[in-house]
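Engineer: Whenever a hint applies, use it, and build me the whole structure from the sequences.
Same order as they appear, the protein sequences are chains Y and D. 1 is the number of the first residue of the first sequence in the working numbering; add one for each residue after it. 1 is the number of the first residue of the second sequence in the working numbering; add one for each residue after it.
The reader is advised that the hints may include incorrect statements.
[Unchecked claim] Straight-line alpha carbon distances no greater than 27 Å define the calculated DSS-like cross-link-like pairs of lysine-lysine that follow:
| id | chain 1 | residue 1 | chain 2 | residue 2 |
| --- | --- | --- | --- | --- |
| 1 | D | Lys71 | Y | Lys101 |
| 2 | Y | Lys22 | Y | Lys49 |
| 3 | Y | Lys101 | D | Lys57 |
| 4 | D | Lys69 | Y | Lys101 |
| 5 | D | Lys57 | D | Lys17 |
[Claimed, not checked] Pairwise CB distance ranges, derived in the manner of DEER restraints:
| id | chain 1 | residue 1 | chain 2 | residue 2 | range |
| --- | --- | --- | --- | --- | --- |
| 6 | Y | Ser60 | D | Gly40 | 36 to 42 Å |
| 7 | Y | Pro79 | D | Asn51 | 39 to 45 Å |
| 8 | Y | Tyr61 | D | Glu1 | 18 to 24 Å |
Simulated from the structure, these hints should not be mistaken for laboratory data. C-beta: ideal position from N, C-alpha, C; glycine also.
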Amino acid sequence: AQSVAQPEDQVNVAEGNPLTVKCTYSVSGNPYLFWYVQYPNRGLQFLLKYITGDNLVKGSYGFEAEFNKSQTSFHLKKPSALVSDSALYFCAVRGGSNDYKLSFGAGTTVTVRA
Amino acid sequence: EAQVTQNPRYLITVTGKKLTVTCSQNMNHEYMSWYRQDPGLGLRQIYYSMNVEVTDKGDVPEGYKVSRKEKRNFPLILESPSPNQTSLYFCASSFQPGLNYEQYFGPGTRLTVT
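Structural biologist: If you want it as structure tokens, here you go:
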């Protein structure tokens, strides 16, 4: 069975500082990995994905994530956080092209203080 | 505008009274899915559909039914709702081939069962 762990319920950073949201995964095949963001009272929005290729993927709003196969991790990063980045972030994994289920982590609440 | 719509957005009902939450997408997506979001548990998949008349169980299908008679619609049916189905529900859709496409989420339906 596939699973996703987001070890931090909350991440607090000051505006302008680097932001990292951690994610580790467990799948039986090659992982397809995704990050989504949820703003208050809204549905989830896609940020970025890793399917294959370069381990560093860039996405929306200046976010990027690094795939690390040996550590089974897919951490989300932003070099300089904004107050508007405050939201709930979800990591998700699909276990390869023959797996049609998407498993989400429990989510990490990010608060960026001015 | 490309979107996933859900109705109703908010619903309060009583135990045992059958209800349907509708979901519709206008992007000609093959794949559609229902999730429930609960605090500390993230999103859990209820059912998904690969195409018209093709549906399969997700991680938490008990107490729910779905149907996919048309490509654009994927209603979620609770035949006898119980208080443990009080949750925030999201419908999502994506292109199916290889399923390495990101999912588009609806705005959510907040259901309370008393």
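Engineer: Given the hinted pair lysine 71 of chain D and lysine 101 of chain Y, is their Cα-Cα distance within 27 Å?
Structural biologist: The hint holds at about 19 Å.
Engineer: For the pair we were handed, lysine 101 of chain Y and lysine 57 of chain D, check the Cα-Cα distance against 27 Å.
Structural biologist: 9 Å, holds
Engineer: Check the following: the C-beta atoms of proline 79 of chain Y and asparagine 51 of chain D are separated by a distance inside 39 to 45 Å.
Structural biologist: 41 Å, holds
Engineer: Decide if the proposed pair is consistent with the structure: lysine 69 of chain D and lysine 101 of chain Y, CA atoms, cutoff 27 Å inclusive.
Structural biologist: Given that 27 Å is the threshold and the Cα spacing comes to 21 Å, the pair holds.
Engineer: Taking only the CA atoms, is the gap from lysine 57 of chain D to lysine 17 of chain D under or equal to 27 Å?
Structural biologist: With Cα atoms ~23 Å apart, lysine 57 of chain D and lysine 17 of chain D stay inside 27 Å; holds.
Engineer: Confirm or reject the claim that tyrosine 61 of chain Y and glutamate 1 of chain D have a C-beta distance inside 18 to 24 Å.
Structural biologist: 20 Å, holds
Engineer: Does the structure keep lysine 22 of chain Y and lysine 49 of chain Y at a Cα separation of 27 Å or less?
Structural biologist: 15 Å, holds
Engineer: Holds or violated: 36 to 42 Å for the Cβ distance of serine 60 of chain Y and glycine 40 of chain D?
Structural biologist: 26 Å, violated
The structure fails hint 6 only (numbered hints given earlier).
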